[in-house]
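Chemist: Listed below, chain by chain, are the residues.
Number of protein chains: 2
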Amino acid sequence: MTNVSIIGVGQTKVKEHWDTSLRHLAWYAIEAALDDAHTTDIDAVFVGNMLGGELSKQNHLGALVADFAGLRGVEAIRIEAADASGGAAFRQAVLAVESGLVQTALVVGVEKMTEEMGAPATAALSTALDADYETIHGLTLAGMGALLMRRYMHEYGVDVSDFAGFSVNAHANGALNPLAMYRNRLKPERFAAAPQVAEPVSLFDMAPGGDGAAAVIVTRHERALDMVPQPVRVAGSALATDTLALHDRKDVLWLAAAERSAKQAMIQAGISPEDVDLFELHDSFTVMAALSLEACGFAARGEGWRLARDGEIGRNGRIPVSTFGGLKARGNPAGATGVYQIVEVALQLRGQAGDCQVPDARIGMAQNLGGSGATAVTHILRVD
Amino acid sequence: MTNVSIIGVGQTKVKEHWDTSLRHLAWYAIEAALDDAHTTDIDAVFVGNMLGGELSKQNHLGALVADFAGLRGVEAIRIEAADASGGAAFRQAVLAVESGLVQTALVVGVEKMTEEMGAPATAALSTALDADYETIHGLTLAGMGALLMRRYMHEYGVDVSDFAGFSVNAHANGALNPLAMYRNRLKPERFAAAPQVAEPVSLFDMAPGGDGAAAVIVTRHERALDMVPQPVRVAGSALATDTLALHDRKDVLWLAAAERSAKQAMIQAGISPEDVDLFELHDSFTVMAALSLEACGFAARGEGWRLARDGEIGRNGRIPVSTFGGLKARGNPAGATGVYQIVEVALQLRGQAGDCQVPDARIGMAQNLGGSGATAVTHILRVD
Chain B
1 MTNVSIIGVG
11 QTKVKEHWDT
21 SLRHLAWYAI
31 EAALDDAHTT
41 DIDAVFVGNM
51 LGGELSKQNH
61 LGALVADFAG
71 LRGVEAIRIE
81 AADASGGAAF
91 RQAVLAVESG
101 LVQTALVVGV
111 EKMTEEMGAP
121 ATAALSTALD
131 ADYETIHGLT
141 LAGMGALLMR
151 RYMHEYGVDV
161 SDFAGFSVNA
171 HANGALNPLA
181 MYRNRLKPER
191 FAAAPQVAEP
201 VSLFDMAPGG
211 DGAAAVIVTR
221 HERALDMVPQ
231 PVRVAGSALA
241 TDTLALHDRK
251 DVLWLAAAER
261 SAKQAMIQAG
271 ISPEDVDLFE
281 LHDSFTVMAA
291 LSLEACGFAA
301 RGEGWRLARD
311 GEIGRNGRIP
321 VSTFGGLKAR
331 GNPAGATGVY
341 QIVEVALQLR
351 GQAGDCQVPD
361 ARIGMAQNLG
371 GSGATAVTHI
381 LRVD
Chain D
1 MTNVSIIGVG
11 QTKVKEHWDT
21 SLRHLAWYAI
31 EAALDDAHTT
41 DIDAVFVGNM
51 LGGELSKQNH
61 LGALVADFAG
71 LRGVEAIRIE
81 AADASGGAAF
91 RQAVLAVESG
101 LVQTALVVGV
111 EKMTEEMGAP
121 ATAALSTALD
131 ADYETIHGLT
141 LAGMGALLMR
151 RYMHEYGVDV
161 SDFAGFSVNA
171 HANGALNPLA
181 MYRNRLKPER
191 FAAAPQVAEP
201 VSLFDMAPGG
211 DGAAAVIVTR
221 HERALDMVPQ
231 PVRVAGSALA
241 TDTLALHDRK
251 DVLWLAAAER
261 SAKQAMIQAG
271 ISPEDVDLFE
281 LHDSFTVMAA
291 LSLEACGFAA
301 RGEGWRLARD
311 GEIGRNGRIP
321 VSTFGGLKAR
331 GNPAGATGVY
341 QIVEVALQLR
351 GQAGDCQVPD
361 ARIGMAQNLG
371 GSGATAVTHI
381 LRVD
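As you go down the protein sequences, you meet chains B and D in turn. Residue numbers for the first sequence follow our numbering, so the first one is 1 and each next one is one higher. Residue numbers for the second sequence follow our numbering, so the first one is 1 and each next one is one higher.
Just to be clear, a hint being listed does not mean it is correct.
[Said to hold, decoys possible] With a straight-line Cα cutoff of 30 Å, these simulated DSS-like cross-link-like pairs (lysine-lysine) come out:
1. Lys-15(D) to Lys-57(D)
2. Lys-250(B) to Lys-263(B)
3. Lys-13(B) to Lys-250(B)
4. Lys-187(D) to Lys-57(B)
5. Lys-13(D) to Lys-57(D)
6. Lys-57(B) to Lys-13(B)
7. Lys-187(B) to Lys-15(B)
8. Lys-15(D) to Lys-187(D)
9. Lys-57(B) to Lys-15(B)
10. Lys-187(B) to Lys-187(D)
11. Lys-57(B) to Lys-250(D)
12. Lys-57(D) to Lys-250(B)
13. Lys-187(D) to Lys-13(D)
14. Lys-15(B) to Lys-57(D)
15. Lys-250(D) to Lys-263(D)
None of these hints come from the bench; they were simulated from the model.
All chains, please: the whole structure from these sequences, using the hints.
Modeler: Put into structure tokens, the structure is as follows:
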């Protein structure tokens, strides 16, 4: 258990924000979080962002975002760990508050991709992979997902259709989330007919990029109790890594960093997988959802896909996932995604998830992955 | 005073490392630091890097560098705050160790620019400025330096030649540092004849980009005492920010973030400017050196240049700066620079600075700036 609690959350809709700049997006999420926490007293800002330099020609987002949010002068930096940037930024805020050197920290994940969607965004996202040994040969994130999915199908004797349940569940939940990018329900027969992106990864196996920002404010727990009616405790926090390149791994079908960070976070929180009421996992690809469930102890090796097939990941199932739509339907604004996950778990535990609410949620887990799972950040949140 | 001490340092020569990849550069510095600390027991890696995504098509350097350094699996992220990335990464390591959640942290600053020197590097470095309001109009870092220098000359009635002392001192020290990029001594008449980069900034007002990596290992002080003969204590640590754009500041000739972070670090360390035995400042431009000295309390407003003219910044002067050559002569591998500064101060305090040694150095300060000074990270180190 850490001494850190969440006192405010905020988020924008994920969509094509053609008329909103990177700094404005960040500000909208920050404004909502400051309102939610009823404070403007922030000592440090941690910005999770992956692609500002590549797609908006803007690095140095710590100082920029802090200034634009009316926090000129405050400590502020940007954290980058590919699409795990948001989760990693939240982890830094936890460390900062836990150190005692920072009293209240604000985390904002922000990403802006729409204007550069297509080849520029695809190239920029590929910087998550190993540039010298993978990207140089033309590998993209979709290609990486295809390699993993193909291998998974081969090893475990499953078919493309066995992955459908992840996307169907994500869209069923996203349809209920007013901030989701895609609010359409998805039928299994539509999934089966989806155009291929990188065979066997189809359009509906893969989470869409988008623009969005999410923000969270944390402070020490005893202080949080005085500030808000429902502080959400950070019970566990861990970050682990693995090789960027798939070929460097002894076992490509095992997300070692996901396992390691989940175990560490669970030990810290003093819980087991069966104690988790909901799990915001990193469903960048349907196969990543399956592999995450296996690595984190929610399914046996090679059986993660069964949870989706058997309806165990629904809001009333054994382990609800992607409860606001996940990366697949809420949308995947790369460096912001990990902060969306934290916001969503916090809303669930506060009982403020609206139509997406998981009944009686007390312990929630969020896991944000970077690239092929080379970075894995796991957080366990709880309310008493 | 923090509870954090440095137990190992390492660095590569700054130069055009045509035959060395980004990950190799990082590894060489890490290897030296691990050797220096006599340990391989590292719990977290903080990578300071500004331009990996833009110039090497490689983000996600936390996981990549950790794996390549033989630390596969360990917690690892990248920190970016423009050319203050290195100092900001060191600050995160201090927070992590101070939190108690991380026992031993390794910081590595690494940058690789040579293959893309010229327009690509200039454009990439400009991401430190405000993309929507400065860079879009063609402003580069050199142009920003020129605006500041011109204004400084106008306000304080000084001439271009009054800045020469900063570069002459930097080159005099760099000539004694085997790892410096430029080891030539610089004569004032050569300074005066230098070609213009962005008038009035000449080639010798401006620090050169280069490739390099530097690494530092920190742990809790009581543990450090058991591990190495000369732990260097982190007495003060602070990071502050300002607007990215110069036009947003009430006073462009005052580095508010530099002042704020220096004051906070000095209060934490319980010292005043007169207690500082040496100051590794951010001499990206001669005018930035002058402004830093003023903001940090070593000179009155408008008088920083006098310290250089009067020889007070030499190794035997009142406040020695750029003791290993500074950004100007050691070289400025953007995101690595802040870690070089920490390494250099630590070597000075350990009495291991060789020909660059400042006599009887007990308290040293390092200040790393991002862009126009929008990020300022100040660390005060000391030995008893």
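Chemist: Could you run down the list of hints and mark each one as holding or not?
Modeler: Here is how each hint holds up against the structure:
Between Lys-15(D) and Lys-57(D) the CA atoms are separated by roughly 21 Å; this keeps the pair inside 30 Å, and the hint holds. Restraint check for Lys-250(B) and Lys-263(B): satisfied, since their Cα atoms lie roughly 20 Å apart, inside the 30 Å limit. With a C-alpha separation of about 39 Å, the suggested pair Lys-13(B) and Lys-250(B) falls outside the 30 Å cut-off, and the hint is violated. About 38 Å separates the Cα atoms of Lys-187(D) and Lys-57(B), which puts this hinted pair outside 30 Å; it is violated.
With a CA separation close to 23 Å, the supplied pair Lys-13(D) and Lys-57(D) stays within the 30 Å bound. Between the alpha carbons of Lys-57(B) and Lys-13(B) the distance comes to roughly 23 Å, so the proposed pair stays at or under 30 Å and holds. Between Lys-187(B) and Lys-15(B) the CA atoms are separated by roughly 22 Å; this keeps the pair inside 30 Å, and the hint holds. Straight-line distance between C-alpha atoms of Lys-15(D) and Lys-187(D) comes to about 22 Å, which keeps the hinted pair within the 30 Å bound.
Proposed proximity of Lys-57(B) and Lys-15(B) is supported: the alpha carbons are some 21 Å apart, at most 30 Å. Between Lys-187(B) and Lys-187(D) the CA atoms are separated by roughly 76 Å; this puts the pair beyond 30 Å, and the hint is violated. In summary, the hint linking Lys-57(B) to Lys-250(D) is supported, as the alpha carbons are separated by about 25 Å, within the 30 Å threshold. With a C-alpha separation of about 25 Å, the suggested pair Lys-57(D) and Lys-250(B) falls inside the 30 Å cut-off, and the hint holds.
Proximity of Lys-187(D) to Lys-13(D) is assessed by CA-CA distance (about 24 Å); at most 30 Å being required, the pair is judged to hold. For the hint pairing Lys-15(B) with Lys-57(D), the CA-to-CA distance comes to about 26 Å; that is within 30 Å, so the pair holds. About 20 Å separates the Cα atoms of Lys-250(D) and Lys-263(D), which keeps this hinted pair within 30 Å; it holds.
Checked against the numbered hints given earlier, the structure breaks hints 3, 4, 10 and satisfies all the rest.
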